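Visitor: Below are the chains, spelled out letter by letter.
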Amino acid sequence: MIDPSRDLDDAVDVLIQDGKITAVGRGLGTPDGATVRNVTGKVVAPGLVDLHVHLREPGNEDEETVASGARAAAAGGFTAICAMPNTDPVTDNQAAVGFIVRQSGRAGLARVHPIGAVSIGQKGERLAEFGEMVSAGAVAVSDDGKPVVPSHLMRTALEYARTFGIPVADHCEDPTLASGGVMHEGLVSTRLGLKGIPSAAEAIMVARDVLLAELTGGHVHLCHMSTRGSVAIIRDAKDRGIRVTAEVTPHHLTLTDYACEEYDTHAKMNPPLREAADVAALRGALKDGVIDCIASDHAPHAYDEKEAAFDDAPFGIVGLETAFAVAHTDLVGGGVFMLPDLIRRMSTEPARVFHLPGGTLAAGAVADVVVLDPAAKWTVDPNAFHSKSRNTPFTGRALTGRAILTIVAGTIVHEL
Amino acid sequence: MTSILGKDLTGLEHMTPEQIRLILDTAEPFKEVSERPIKKVPALRGKTIVNLFFEASTRTRISFEFAEKRLSADTVNVTASGSSVSKGETLVDTARNLEAMRIDMVVIRHPSSGAAEFLGDRIASNVINAGDGKHEHPTQALLDLLTIRDKHGKIEGLKVCLVGDVLHSRVARSNLWGLTKLGAEVAVCGPWTLMPRGIEELGVTVFGRIEEAIEWADVLNVLRLQLERMEKGFIPSLREYYRVFGVTPERLERSPRAITIMHPGPMNRGVEIDSRVADGPHSVILDQVTNGVAVRMAVLYLLAGGRAELADAAKGGE
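So the sequences go chain by chain: A and B.
Numbered by my numbering, the letters in the first sequence go through residues 136 to 551 in order.
Numbered by my numbering, the letters in the second sequence go through residues 6 to 323 in order.
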């Protein structure tokens with residue numbers, strides 16, 4: 136068992152009763168009627184937590200629903216995921232937030248925590264009703280998909296969110312610099328003749344958000360960091376005690392803009408894949424805790440939408456079912472850090488950042504558990520995904536490590 | 006059957022110097038066809054070619070059409086507007102429809118970079134890129150190379166400077182690959198707002214001042230300055246552009262040598278190029294247009310499986 140919340144890495148038993156962890160230790164007895172699962176040789180860990188997914192319900196249920204996303208999450212070892220509000224209509228009020236909570240309950244798979252919009256309709260004008268959304272179950276607010284452009288709005292969002300103890304998650308992008316861009320601005324975009332998004336478009340907004348977090352005392356969470364410039368700013372902000380947290384995706388930790396060669400639309404996402412030096416800086420930041428956690432930015436799209444010229448294809452890739460294995464193969468396998476560190480960055484830390492249940496196997500905690508087989512070798516076949524969408528750049532990739540059993544509140548929701 | 010050039014001609018970046026030379030050499034005998042009273046040879050008789058233009062074009066489309074007709078191919082022109090329907094969807098559906106009609110070749114121009122490759126990957130017919138976004142315009146670069154070779158007798162060792170809006174220019178990218186592969190030295194000149202990121206890493210010298218470029222170059226290929234670049238804020242005014250970067254006789258006079266002047270057209274006289282230069286003794290701008298037909302005939306002929314050594318014989322018949 137590996138439980139980074141208590142720095143535990145030991146061969147022990149875990150007892151689950153009534154949806155809670157009730158005991159952890161060697162040689163636990165078996166209460167009457169208990170089911171015994173022997174997973175000797177595998178790794179029992181707190182269920183993985185993903186702070187950043189896009190489920191397309193309501194609006195584009197052909198691409199993903201709360202239920203299909205929760206199923207994909209369970210298959211990927213996630214016991215809790217946070218759904219971004221850029222649905223259609225936008226999840227910007229208590230009724231819409233309550234709908235996600237109800238759909239999640241009906242599905243009964245991985246927990247789906249709604250994130251409410253920062254602004255009404257994600258238009259970047261007026262604040263949405265944070266208080267009511269929080270009481271309906273929202274765990275954070277974000278206009279993700281777009282940045283919160285007006286600095287005054289971001290300021291008031293941070294202050295108002297502080298009132299309710301939730302973070303504001305920002306998609307950092309200066310829209311005037313990024314306008315029309317479809318990939319990282321650099322040598323590859325020059326060769327392909329594609330309009331680039333410069334790294335500065337992200338770092339400028341990161342710097343602004345850090346300054347506003349300092350000004351307001353609010354908690355800013357920086358979504359899907361992609362550049363070494365951003366890393367430097369966050370490192371400095373944390374040193375100065377500013378309330379900033381950050382996430383990075385498995386693809387930004389493992390791929391570069393060279394993946395866009397041949398105009399592969401499955402390598403088109405926003406923020407774009409950057410350069411090798413950015414990948415190295417992001418890995419270092421994750422290891423040091425400058426970046427707190429890994430999030431998938433799971434973004435389903437219908438197959439025919441990606442079947443287009445690069446300019447015309449939408450941004451985004453699915454990630455729930457490959458996130459752990461990609462990170463495990465390249466980061467643990469690549470010697471960046473050890474498995475307990477990866478579990479910390481994919482479970483304990485994300486749960487802490489958004490104040491979610493889970494992320495620990497301490498007695499009394501919710502019984503959200505994953506059993507991982509770190510030695511399992513498999514090959515990515517998008518046709519086998521539980522997600523409704525197939526848009527991944529990892530097709531055919533040989534990976535090591537996989538969730539073989541996922542338990543949410545004591546109930547098995549996935550078993551390989 | 007796959008030709009010596011491969012199935013498609015989508016760009017020069019991934020072609021070998023030998024393939025490029027082969028096209029130029031094959032164009033030589035085809036030049037003569039256009040000088041005949043009856044400008045037609047049977048090399049592509051029975052082949053059907055679609056000219057698929059998603060973007061406005063006059064000279065490239067007409068040049069291709071003449072090349073096709075002078076080789077006796079049957080041609081159809083499709084001018085699709087990318088404005089009303091989503092461009093990507095149109096492209097996929099268009100590809101499928103063309104395939105269903107069993108055509109032999111497609112000449113495509115499209116506003117999205119990579120569109121020609123996209124089409125080529127999805128249909129069995131040969132695809133020729135007539136300009137895709139800001140990516141490549143290979144036949145333009147080939148005709149530029151042929152014109153330089155005609156004028157100077159060689160390409161290797163020549164100093165060629167591309168002047169102007171390199172950032173948005175597919176002509177510049179194709180020229181850069183073609184020229185460097187054939188051993189020319191390449192420079193670019195223009196304001197930094199119109200230079201793509203990392204251009205120096207492609208082995209190119211960057212001149213910030215036109216005077217420096219003129220002092221250095223044997224050939225100036227003056228790119229068209231799209232007028233909308235001013236509206237989008239890349240340059241403050243056309244007036245200032247002419248004053249700072251315009252290729253004028255006064256500037257050329259200071260050069261130690263007679264510089265060959267090229268322009269892919271259409272020209273903005275008095276913006277990137279002075280009329281006295283465009284119409285002057287060292288301008289080969291109209292030779293470029295003439296060579297365009299011969300180069301395109303060579304490309305069509307070779308992609309259709311024609312053998313270079315038989316190009317002369319292929320002209321026979323009527």
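A couple of the hints might just be wrong.
Stated by the list, open to error - Counterexamples of contact, computed for chain A against chain B with all Cβ distances above 12 Å:
#, residue
1, Ile-151
2, Gly-164
3, Gly-280
4, Arg-297
5, Phe-299
6, Gly-321
7, Leu-322
8, Arg-326
9, Leu-327
10, Gly-328
11, Pro-333
12, Ala-394
Said to hold, decoys possible - Subject to a maximum C-alpha distance of 25 Å in a straight line, what follows is the list of computed DMTMM-like cross-link-like pairs (lysine to aspartate or glutamate):
#, chain 1, residue 1, chain 2, residue 2
13, B, Lys-12, A, Glu-196
14, B, Lys-159, B, Asp-284
15, A, Lys-330, B, Glu-206
Unchecked claim - Which chain A residues stay away from chain B? Per the calculated CB distances, all over 12 Å, these:
#, residue
16, Leu-143
17, Ser-314
18, Gly-315
19, Val-317
20, His-319
21, Val-323
22, Thr-325
23, Leu-329
24, Lys-330
25, Gly-331
26, Pro-492
27, Ala-511
28, Lys-512
29, Gly-531
30, Leu-540
Hints listed in this document are in silico derivations from the structure and should not be mistaken for laboratory results.
Everything numeric in this text was worked out from a predicted model, so none of it was measured.
All C-beta atoms in this analysis are idealised placements derived from N, C-alpha and C, irrespective of residue type, glycine included.
Visitor: If a hint holds in the structure, say so; if it does not, say that too.
Guide: Structure-based check of each hint:
Distance check on Ile-151/A: its Cβ is at least 49 Å (rounded) from any Cβ of chain B, clearing the 12 Å threshold; non-interface status holds. Gly-164/A, annotated as away from the interface, keeps every beta carbon of chain B farther than 12 Å; the closest lies near 62 Å. Against chain B, the non-interface label of Gly-280/A holds: every CB pair exceeds 12 Å, the least being about 19 Å. With a least beta-carbon separation of about 38 Å from chain B, Arg-297/A lies farther than 12 Å from that chain, consistent with its non-interface assignment.
With a least beta-carbon separation of about 40 Å from chain B, Phe-299/A lies farther than 12 Å from that chain, consistent with its non-interface assignment. Once the 12 Å rule is applied to beta carbons, Gly-321/A is inconsistent with being away from chain B; the minimum gap is 6 Å. Non-interface call for Leu-322/A relative to chain B: violated, since the shortest CB-CB distance, roughly 4 Å, does not exceed 12 Å. Interface exclusion of Arg-326/A from chain B breaks down, the closest Cβ pair being 7 Å apart, not more than 12 Å.
Chain B draws Leu-327/A into its interface by the beta-carbon criterion, the shortest separation being 6 Å against a cut-off of 12 Å. Distance to chain B contradicts Gly-328/A as a non-interface residue, since its nearest Cβ pair spans about 3 Å, not more than 12 Å. Its closest Cβ contact with chain B, about 8 Å, brings Pro-333/A to no more than 12 Å, contrary to its assignment away from the interface. In this structure Ala-394/A is separated from chain B by more than 12 Å, as the shortest Cβ-Cβ distance comes to about 14 Å.
Proximity of Lys-12/B to Glu-196/A is assessed by CA-CA distance (about 40 Å); at most 25 Å being required, the pair is judged violated. A hinted pair counts as satisfied when its Cα atoms are at most 25 Å apart, and Lys-159/B with Asp-284/B qualifies at roughly 24 Å. For the given pair, Lys-330/A sits about 18 Å from Glu-206/B by alpha-carbon distance, which is consistent with the 25 Å threshold. Look at Leu-143/A: its CB is around 48 Å from the nearest CB on chain B, clear of 12 Å, so calling it non-interface holds up.
Listed as outside the interface, Ser-314/A is inconsistent with that label: its C-beta sits roughly 10 Å from the nearest C-beta of chain B, within the 12 Å cut-off. The beta carbon of Gly-315/A sits about 10 Å from the closest Cβ of chain B, which is not more than 12 Å, so the claim that it is off the interface is violated. In this structure Val-317/A is not separated from chain B by more than 12 Å, as the shortest Cβ-Cβ distance comes to only about 9 Å. Non-interface call for His-319/A relative to chain B: violated, since the shortest CB-CB distance, roughly 9 Å, does not exceed 12 Å.
Under the 12 Å C-beta cut-off, the non-interface status given to Val-323/A relative to chain B is violated; the minimum distance is some 8 Å. Against the 12 Å criterion, Thr-325/A falls within the reach of chain B, whose nearest CB is about 4 Å from its own CB. Once the 12 Å rule is applied to beta carbons, Leu-329/A is inconsistent with being away from chain B; the minimum gap is 5 Å. Residue-level check failed: Lys-330/A sits 8 Å from the nearest beta carbon of chain B, not beyond 12 Å.
Listed as a non-interface residue, Gly-331/A fails to keep its Cβ farther than 12 Å from every Cβ of chain B; the least gap is roughly 6 Å. Even its closest Cβ contact with chain B, about 42 Å, leaves Pro-492/A beyond 12 Å, as expected for a residue assigned away from the interface. Distance to chain B confirms Ala-511/A as a non-interface residue, since its nearest Cβ pair spans about 34 Å, more than 12 Å. Distance to chain B confirms Lys-512/A as a non-interface residue, since its nearest Cβ pair spans about 31 Å, more than 12 Å.
Distance check on Gly-531/A: its Cβ is at least 17 Å (rounded) from any Cβ of chain B, clearing the 12 Å threshold; non-interface status holds. A cut-off of 12 Å between C-beta atoms confirms that Leu-540/A is not in contact with chain B; the least separation is 41 Å.
Checked against the numbered hints above, the structure violates hints 6, 7, 8, 9, 10, 11, 13, 17, 18, 19, 20, 21, 22, 23, 24, 25; every other hint is satisfied.
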